[in-house]
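Enquirer: Now for the letters of each chain:
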Amino acid sequence: MDAVDEVLAWFGNPVNWLGADGILIRLTEHFYFVGLSFALAVSVAFPLGVLIANQKSAAQIAMAVFNVGRALPALGVIILAIMVVGYDSSTVILALTLTSIPPILTNTIVGIAQVDSALTNAAAAMGMQRCQTFLQLELPMAFPTIFAGFRTALVQLVATATIAAYAGFGGLGRFLIDGLGRNDTTQIIAGAVVVSTVAISCEWLSSRVEQIISRRLRPGENLKQLA
Amino acid sequence: MIDSAWVCENGWQILMLLVDHFQLVGLSLFIGAVATALMVLMVLWQPSLSRPLTYISGVLFTIPSLALFIFLMPLTGLSKTTSIIGLSAYSLLIILQNALAGFDNTPAEILEEARAMGYTRFQRFVSVELPLAMPTIVAGLRTTAVTLIGMVTVTAVIGQGGLGQLFVTGLTLDFSTPVIVSLILTVAVALFFDFAFYIAEKYLFPWER
Numbered sequence: 373m374d375a376v377d378e379v380l381a382w383f384g385n386p387v388n389w390l391g392a393d394g395i396l397i398r399l400t401e402h403f404y405f406v407g408l409s410f411a412l413a414v415s416v417a418f419p420l421g422v423l424i425a426n427q428k429s430a431a432q433i434a435m436a437v438f439n440v441g442r443a444l445p446a447l448g449v450i451i452l453a454i455m456v457v458g459y460d461s462s463t464v465i466l467a468l469t470l471t472s473i474p475p476i477l478t479n480t481i482v483g484i485a486q487v488d489s490a491l492t493n494a495a496a497a498m499g500m501q502r503c504q505t506f507l508q509l510e511l512p513m514a515f516p517t518i519f520a521g522f523r524t525a526l527v528q529l530v531a532t533a534t535i536a537a538y539a540g541f542g543g544l545g546r547f548l549i550d551g552l553g554r555n556d557t558t559q560i561i562a563g564a565v566v567v568s569t570v571a572i573s574c575e576w577l578s579s580r581v582e583q584i585i586s587r588r589l590r591p592g593e594n595l596k597q598l599a
Numbered sequence: 132m133i134d135s136a137w138v139c140e141n142g143w144q145i146l147m148l149l150v151d152h153f154q155l156v157g158l159s160l161f162i163g164a165v166a167t168a169l170m171v172l173m174v175l176w177q178p179s180l181s182r183p184l185t186y187i188s189g190v191l192f193t194i195p196s197l198a199l200f201i202f203l204m205p206l207t208g209l210s211k212t213t214s215i216i217g218l219s220a221y222s223l224l225i226i227l228q229n230a231l232a233g234f235d236n237t238p239a240e241i242l243e244e245a246r247a248m249g250y251t252r253f254q255r256f257v258s259v260e261l262p263l264a265m266p267t268i269v270a271g272l273r274t275t276a277v278t279l280i281g282m283v284t285v286t287a288v289i290g291q292g293g294l295g296q297l298f299v300t301g302l303t304l305d306f307s308t309p310v311i312v313s314l315i316l317t318v319a320v321a322l323f324f325d326f327a328f329y330i331a332e333k334y335l336f337p338w339e340r
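Chains as they are written, first to last, in my numbering: chain P, 373 to 599; chain H, 132 to 340.
Accuracy of the hints is not assured; some may be wrong.
Some chain P residues well away from chain H (every beta-carbon gap over 10 Å; in silico) [stated by the list, open to error]:
#1 Gly384
#2 Leu399
#3 Gln432
#4 Arg442
#5 Gln486
#6 Asn493
#7 Gln504
#8 Thr534
#9 Leu548
#10 Ile549
The calculated label-pair distances, taken between Cβ atoms and stated as ranges, are [what the hints assert, rightly or not]:
#11 H/Phe161 to P/Gln583: 30 to 38 Å
#12 H/Leu209 to P/Leu491: 52 to 60 Å
#13 P/Gln486 to H/Leu242: 21 to 29 Å
#14 H/Gln254 to P/Gln432: 38 to 46 Å
#15 H/Gln254 to P/Asn555: 54 to 62 Å
#16 H/Pro238 to P/Val416: 34 to 42 Å
#17 H/Arg252 to P/Met500: 47 to 55 Å
#18 P/Thr557 to H/Leu158: 20 to 28 Å
If you're looking for bench data, these hints aren't it; they were derived computationally from the structure. We treat Cβ as the ideally placed atom computed from N, Cα and C, and that holds for glycine.
The following block holds chain H by itself, in its conformation from the complex (with noise of 0.2 Å):
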């Protein structure tokens, strides 16, 4: 079913794909970490705007992902712009409701115990807040880390991808190899980010589980 000999031939391409794959769900991840973070200090100074904000990420979560690039494109072109742009907005959604519910889960005697022994509210936000709400944000981040890395393939139809570009290199040459050998490493990638995540929380948070 694969055919070995392409895929030693081309391996030097496969790599550089992989590395472009590993590029598009990192940077996008970034920057959906950090505009979920704004968001969140947002809701923080005025909670009325927790829903608006979730609304129009989850606006943002629906449209079907080649429609959004193409949304992008007469701003940005067939570039990689594009797609972290896209990407970014796809991964709001899922960091943002975690983000939220770990704050929310805070139980409010312990924000009661926190006043009371005399922490200001940036005090508090950072020392007690944040910590607690640790774990379910990198929960979310974990989420969307392996759904951006399925996802990164679809912008191959606007000339990116990463890994994505070999499933048209395998239509368009009606060869399977390189449809397969994407596959395998996509599923890879996701494993190695899954993995990775999971390292984190059992090093960052070892008291949950």
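Same shape as in the complex, but just chain P (with noise of 0.2 Å):
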């Protein structure tokens, strides 16, 4: 298992953790990346999906057209971007930003669109405000889906960050490419465990968030304890 103690051996190694290029650097590149991408993601996909949520051919039309962007290679995104908009991280971040509006988009519209009709019915029926029946009706019963594509999103940029490196930029990709670049498999393997360790906590993190949020914001929750 020499494979094993070598790639333990570089964790060992303290100019792996704090160098020039080590895991501290990379991860903080990596999460500018992840957090600014997704950041705009959220605050363009969100509101967009709340404005047509409610317009039954505008939604369909976005959730077809978004249901197969899911398709379109990241890799080829960034290098496209690279190629048109110029070798800048902030193009990185606009392709990443492109590639994380699917899940949102389509989780917000299918979030809201699947709340009975006949809630908000009876919401405009007690005289609650269109407003009112966002946020107190709307909202809080579509959230589990809408943060599940929060969830998605963030995910999948923490993983099409990686692919950046390919295309020259920092992040946690770099340990990956460059070892594959210079056949250091010690390197390739280390750096694969750190992604991988990245994106699970990630995903734990996220789904720890979800709990804490939906118990706060399920109002059935607070009537069984009133009870």
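Reassemble the complex: the two chains are provided individually, in unrelated frames, and hints are given to aid placement.
Expert: See below:
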């Protein structure tokens, strides 16, 4: 099991953690890419989804387009964006944002559209304003689906940001791409371990956040506590 | 934006990559479906297995694709096998979740009725549960196919990748035509698969929708 020992030794070497291209720096770069593009994607896709969720034909068109949009390869989008817009980290962020819009948008639309219309009608009959209905009824009801879209987008971003290294940018993908270039198996595997750990932790953390928020949001849960 | 001379000159190569792409997606989807079918049978036999199996496929799905292919490389090298194993592993989660949801949603009364009519466990599975769960299962296959079509291109980094190889060509030549051609064809393949499933769903389950 030489390979395992070598990978462990790689992790034991402080240079690989704190050096100029160590895990800490790469992780910061990675989170910079992921965080910024996630924030951008949410701020575009979520309001857009809310706006068109109740317009049937617009929602259907958006769903059809973005369902196939999931097949759009991130690697190609990043490379093309670099060629068209220029070699700059903001280009990567733009491309990453584009690839993470589909899950957020489709889940927002589905989540809001599937709220029982009897409930929204009842809300209107009780004299709730459109915006009250949205905030107090539709949003809490749609929350699990919407948040699932956020999670998918986030985990997907962590993976896609890895690919950005192929086009010459920083982030955790550097370990993999540089390792492949130098045929350094130890570094490749160590890098893959780091990337996978980060992705799985992100997934786990976001599932915890989801549980906490949905406990607060669910009106039914509060009633159960009262009873 | 597109250099048509390059496209004509490399038409044959592009076609071969397209065939490659279809092959990678088709094979991985098939292997993923067979593996999931085995998992579903295990769950039907032992329902408590549903959580651990979903969990394992979830972890596989969460591992970034590039990293997954790299974990496989010491075993299978820079080969087609590596990409097919990796891609099949990715297809497990969506297919499994849909299949399990399909079987879970079978109304309990229908299962009771089947038993009352004297169906054995096996007969009930084949002629009641499976047909009822089929639309959900096929929907899962459809989503998976579209997802895999994009993911195949990542394997270009390990020398495979079907149409994804054109990205590498474009990047090394600093030439946008191959990249655009590849993006257009990938989306076309996705549309093709999506439409094929749509037709199949309409034909097989005319009562849905």
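Enquirer: All hints are to be evaluated individually against the structure, with a verdict given for each.
Expert: Each hint, compared with the structure:
The non-interface label for P/Gly384 is consistent with chain H: the shortest C-beta to C-beta separation is roughly 20 Å, beyond 10 Å. Chain H leaves P/Leu399 outside its interface by the beta-carbon criterion, the shortest separation being 14 Å against a cut-off of 10 Å. Here P/Gln432 stays apart from chain H, with its beta-carbon at least about 13 Å from theirs, past the 10 Å limit. Some Cβ of chain H comes within 10 Å of the Cβ of P/Arg442; the nearest lies about 6 Å off, and the non-interface call is violated.
The Cβ of P/Gln486 lies farther than 10 Å from every Cβ of chain H, with a closest approach of about 15 Å, so its non-interface assignment holds. Once the 10 Å rule is applied to beta carbons, P/Asn493 is consistent with being away from chain H; the minimum gap is 24 Å. Look at P/Gln504: its CB is around 33 Å from the nearest CB on chain H, clear of 10 Å, so calling it non-interface holds up. Under the 10 Å C-beta cut-off, the non-interface status given to P/Thr534 relative to chain H is violated; the minimum distance is some 5 Å.
Look at P/Leu548: its CB is around 6 Å from the nearest CB on chain H, not clear of 10 Å, so calling it non-interface is violated. A cut-off of 10 Å between C-beta atoms contradicts the statement that P/Ile549 is not in contact with chain H; the least separation is 8 Å. Roughly 36 Å separates the CB atoms of H/Phe161 and P/Gln583, a value that falls within the hinted 30 to 38 Å. For the pair H/Leu209 and P/Leu491, the beta carbons lie near 55 Å from each other, so the given range of 52 to 60 Å is met.
With their beta carbons about 26 Å apart, P/Gln486 and H/Leu242 fall inside the hinted range of 21 to 29 Å. For the hinted restraint 38 to 46 Å between H/Gln254 and P/Gln432, the CB-CB distance of approximately 40 Å keeps it satisfied. A hinted range of 54 to 62 Å holds for the C-beta pair H/Gln254 and P/Asn555, which are about 57 Å apart. Between H/Pro238 and P/Val416, the C-beta spacing of about 41 Å keeps the proposed range 34 to 42 Å intact.
Hint check: H/Arg252 to P/Met500, Cβ distance near 50 Å, so the stated range 47 to 55 Å holds. Between P/Thr557 and H/Leu158 the C-beta distance comes to about 27 Å, which sits within the given range of 20 to 28 Å.
Going through the hint list in order, the structure does not satisfy hints 4, 8, 9, 10.
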